[in-house]
Structures are given as C-alpha cells and as structure tokens.
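*Asks:* These protein sequence lines map, in sequence, to chains B and U. Using the working numbering, the letters of the first sequence correspond one by one to residues 1 to 132. Using the working numbering, the letters of the second sequence correspond one by one to residues 1 to 326.
Check before you lean on any hint, since a few could be wrong.
[To be verified] What follows is a list of derived Cβ distance ranges for each label pair:
id, chain 1, residue 1, chain 2, residue 2, range
1, U, A152, B, S109, 21 to 27 Å
2, B, T33, U, A63, 24 to 30 Å
3, U, Q178, B, G90, 43 to 49 Å
4, U, F3, B, A5, 46 to 52 Å
5, U, Q178, B, G16, 29 to 35 Å
6, U, Q178, B, Q93, 34 to 40 Å
[To be verified] Think about it this way: if two alpha-carbon atoms lie no more than 25 Å apart in a straight line, the pair counts; the simulated SDA-like pairs of lysine to any residue are:
id, chain 1, residue 1, chain 2, residue 2
7, U, K179, U, F119
8, U, K161, B, V31
9, U, K167, B, S86
10, U, K192, U, E85
I should point out that these hints are in silico values taken from the structure, not numbers from a laboratory. Glycine included, each C-beta is placed from N, C-alpha and C at the ideal position.
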Amino acid sequence: MDLDAVPQEGNATLDGHAKLMYARDAQGRVVTTRSRGWEAEEIVTSHAVDVLVVQAQAARERVARGLASPLEYWMYERRMDVALLSQTSGFWQWRVRRHLQPKHFAALSQKQLARYSEALGLPVSTLQSLPS
Amino acid sequence: MNFEHQQAAHCESGVISNLMRHHGVPMTESMALGLSSALSFAYLPFIKLSGLPLISYRMPPKAIIKGLLAPMAARFRFETFRTPEAGAQRLDALLAGGQIVGLQTSVYWLPYFPPNMRFHFNAHNLLVYGKDGDDYLISDPVFEEPVRCASADLSRARFAKGVLAPKGLMYYPQSIGQKTVDAASVTKAIRKTVRNMLAPIPIVGVRGMRTLANRMQKLPPADPRSVDFIGHVVRMQEEIGTGGAGFRFIYAGFLQEAAQLLDKPQLQQMSERLIAIGDGWRAFALKAARMVKGREPVDPVALAGKLREQAQQEEDFFRDLKAVVA
C-alpha cells in the first residue's frame with residue numbers, strides 16, 4: 001500500500017480516533033502513518049455490532065412476551081453468549097440456559113443472582129427487569 | 001514519571017517496543033514483530049469466539065514478548081493473581097517503586113475504548129506508567145495519546161474470564177542483557193517465521209489458509225451466518241490492529257530493517273514483494289466487506305479462490321525468503 005492510498009474515511013466505529021498503519025512512501029521505505037479509517041473495516045465492525053444488537057432486541061421481545069427471563073436480554077446487551085456467561089459466572093452452560101427461562105430465573109436465590117450481577121457488572125435490581 | 005508514549009498498530013508489539021525503548025533499547029514495532037517471529041497464520045476451528053472460529057494472522061498472545069527474551073538476553077517477570085485485590089496491590093507497589101508495568105486485559109471493560117470496538121477479547125496489552133488519585137495512567141499503544149482508567153474498571157478488565165483469560169497477568173523486565181539487535185538473531189528469527197509459514201500442519205501457515213479456503217467454499221451463500229463468518233475473517237485481518245493486511249505491511253518494514261542490518265539487498269526486494277502480497281489481502285478484505293454490506297452478491301467460492309491465490313503467493317514468497325537467509 002502506498003502512503004497516499006492509506007484510507008482516511010472517518011469511520012464512525014473509530015469514534016474520532018485514528019489508528020496507526022504501515023505503508024510505502026515515495027522512496028519505497030515502509031513508514032508509519034495515521035488512518036482515520038477504511039470503509040471495509042467500518043462495514044465489518046458495524047456488522048459484528050449489529051448482529052449483537054439484533055440478538056439483544058430479539059431477546060427483549062421474548063422477555064416482554066414472557067418467553068424468556070431478563071437475564072437473556074442482559075446477556076446479549078453485555079455482548080456475551082451462553083458460553084461466555086457460563087465462564088464468567090461459573091454456572092455450567094446447561095444451568096445458564098435454564099436460567100434464561102422465566103420460571104427458573106424467578107427461583108434464583110440472592111446469592112445466585114449476585115453471581116450474575118458480578119459477571120455482567122450490573123446491580124441485581126437491574127438484572128430482574130428490562131430497561132424502561 | 002518520565003515515559004514517552006508512542007502509538008503502534010498492534011497492542012503487544014507496541015507495548016513491548018515502548019517498554020524496550022523506555023529501558024534504553026532502540027526498538028521499532030516492526031523489529032519487535034519480526035525478531036520474535038510473530039508473523040503467522042492460524043485457523044483454529046475448535047476455538048470459538050462468540051461462535052466463530054479463531055483466525056489469526058500472528059502467533060498466539062505473549063509470543064512477541066517471550067520471543068524477544070532470547071535475542072535481547074532479557075529476563076522478564078510474569079505474574080498472575082488469584083484475586084483482583086492481590087493484583088491491584090502488587091501493581092500499586094510496582095508503580096510506587098517507579099516500575100512501568102505491562103498488563104494483559106480484556107477490551108470490553110476498558111471504558112476509554114470506542115463503544116463499537118468493545119468486544120469480549122481478552123488478549124489486549126497495555127502499559128501502566130503511573131497512578132493519579134484513583135486513576136491509572138495508561139499508555140495503550142493503539143491510541144494516539146496516553147489515556148486514564150479508573151481502578152475499578154482496570155481491575156475488571158484484568159480479571160475478565162473466558163477464552164484467554166488474563167488472570168491479572170502483569171510483566172516487566174528484570175534485566176536486558178543486550179541493548180542492540182544483532183544480525184545472527186535476525187537471521188534466526190526469519191528462518192523461524194519461514195518454518196512456521198511452511199509448516200506441514202493443515203491449520204497453520206499457508207496450509208491453514210488453504211483449509212480456511214475450503215471451509216469458506218462450503219458456506220451456503222443465502223445463510224446469514226455465512227456473512228458473519230466472512231465479516232469475521234476481515235475483522236481478524238484488518239480491525240484488530242494489524243497495521244494493515246494482517247501484519248504483512250509491518251513485516252515488510254521489518255524486512256527492510258533486516259536488509260540494512262544484514263547488508264542483504266535481496267531482503268529489500270522481498271519486502272517489496274510482501275507489500276504486493278499485502279495489497280492482495282487488502283483487495284480480498286474490500287471484496288469480502290462489500291459482500292457483507294450487500295453491495296455485491298455473497299460469493300464464498302470467489303473469496304475462497306482469492307484466499308488460495310494469497311496462499312500460493314505466500315508459499316512462493318516464503319520459499320524464496322528461505323533461500324535468501326539460508
């Protein structure tokens with residue numbers, strides 16, 4: 001990549017930051033330069049974020065219809081999945097999956113709720129309902 | 001504290017070159033990457049990050065730091081902790097003693113990252129160079145300027161769980177025996193990279209690229225998961241601080257430094273070839289991104305073909321590089 005070909009497209013995903021890139025200058029030397037972003041990166045990053053947002057939205061609707069516990073919404077809102085929430089909370093995956101059901105979630109003790117609260121970095125009271 | 005922050009493309013090579021410079025060793029980011037033989041390619045379908053396979057254009061985390069120990073005759077201390085409290089205490093003690101400390105952290109829990117970059121990725125590296133009240137003063141190499149982070153947030157980031165959990169890992173040099181890079185270790189490092197890239201293992205090096213191409217070829221074009229997969233490959237190549245083209249441009253910079261150090265003009269030509277190969281990776285990324293965005297029909301077979309082309313070019317490249325340093 002030549003120095004003048006380094007994209008400066010002002011990516012929304014970079015939030016005003018610039019990243020360092022390596023490119024070839026007019027003398028053929030590899031030098032560093034700052035880039036304000038490239039559309040290819042913006043597309044794939046926004047896509048990855050959107051996938052997570054869609055998951056959280058779908059979970060939110062299921063919770064509102066009483067098909068899932070608020071834990072499912074907060075898990076996706078925190079960009080996690082069952083595997084990661086299991087590792088972070090210390091509950092086995094099958095137990096996390098159970099706790100995504102309203103019936104089993106309602107039966108959780110304060111101590112168990114505290115584990116989820118710690119794993120997700122949210123107070124217990126927040127975990128028990130959807131955001132308004 | 002007298003510390004000079006310098007932005008880098010990649011976190012680990014940036015942290016280690018900043019740390020080396022602080023201790024009086026002139027070292028560029030590209031030299032750190034090249035000398036530790038960190039350029040690579042790996043496709044590990046059995047390790048999943050958010051349900052997608054691990055794809056890496058470099059050696060695993062900590063390889064850059066550990067790879068520099070022998071050539072610089074350095075001894076580093078690595079410490080992990082059972083509890084966040086113990087980790088915080090030790091960090092404060094080291095800072096009070098004037099030490100600059102490298103940390104492995106999660107990206108997600110660092111509030112100074114742009115929201116759209118905060119994913120659960122646990123192998124980020126940064127340097128702490130001081131504390132001001134409750135804030136740690138941080139040199140995060142992928143940022144233009146030094147940043148600050150509240151102690152509770154940093155603690156969360158250091159003790160995040162999941163794949164590659166950092167367990168509070170901190171590191172700092174105890175001694176650095178050699179203050180300049182010698183020619184013999186550069187030759188050795190290049191040979192090692194050649195060996196990795198041409199390894200007879202189907203998930204690493206050019207063979208790993210071909211395995212990924214075969215997997216890509218089988219993606220059903222209409223399935224939304226295919227688009228996630230394609231986007232994921234591009235993110236691993238470009239977004240995760242690789243200096244462009246999955247570290248190929250940084251390595252091209254290293255080959256230029258090596259050409260001078262070893263007085264081998266052929267390495268200069270190899271550097272130019274690698275830049276051309278890097279441009280191929282960029283073209284692949286752009287094409288893939290256009291498919292993700294829906295500007296082009298999703299065509300996994302075409303992308304697989306492009307990957308195989310890259311694999312072939314890199315195979316030829318590393319065979320020739322082997323001859324240059326033989």
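*Asks:* Just pull the numbers of the violated hints for me, sorted ascending.
*Replies:* 4, 5, 6, 7, 8 and 10
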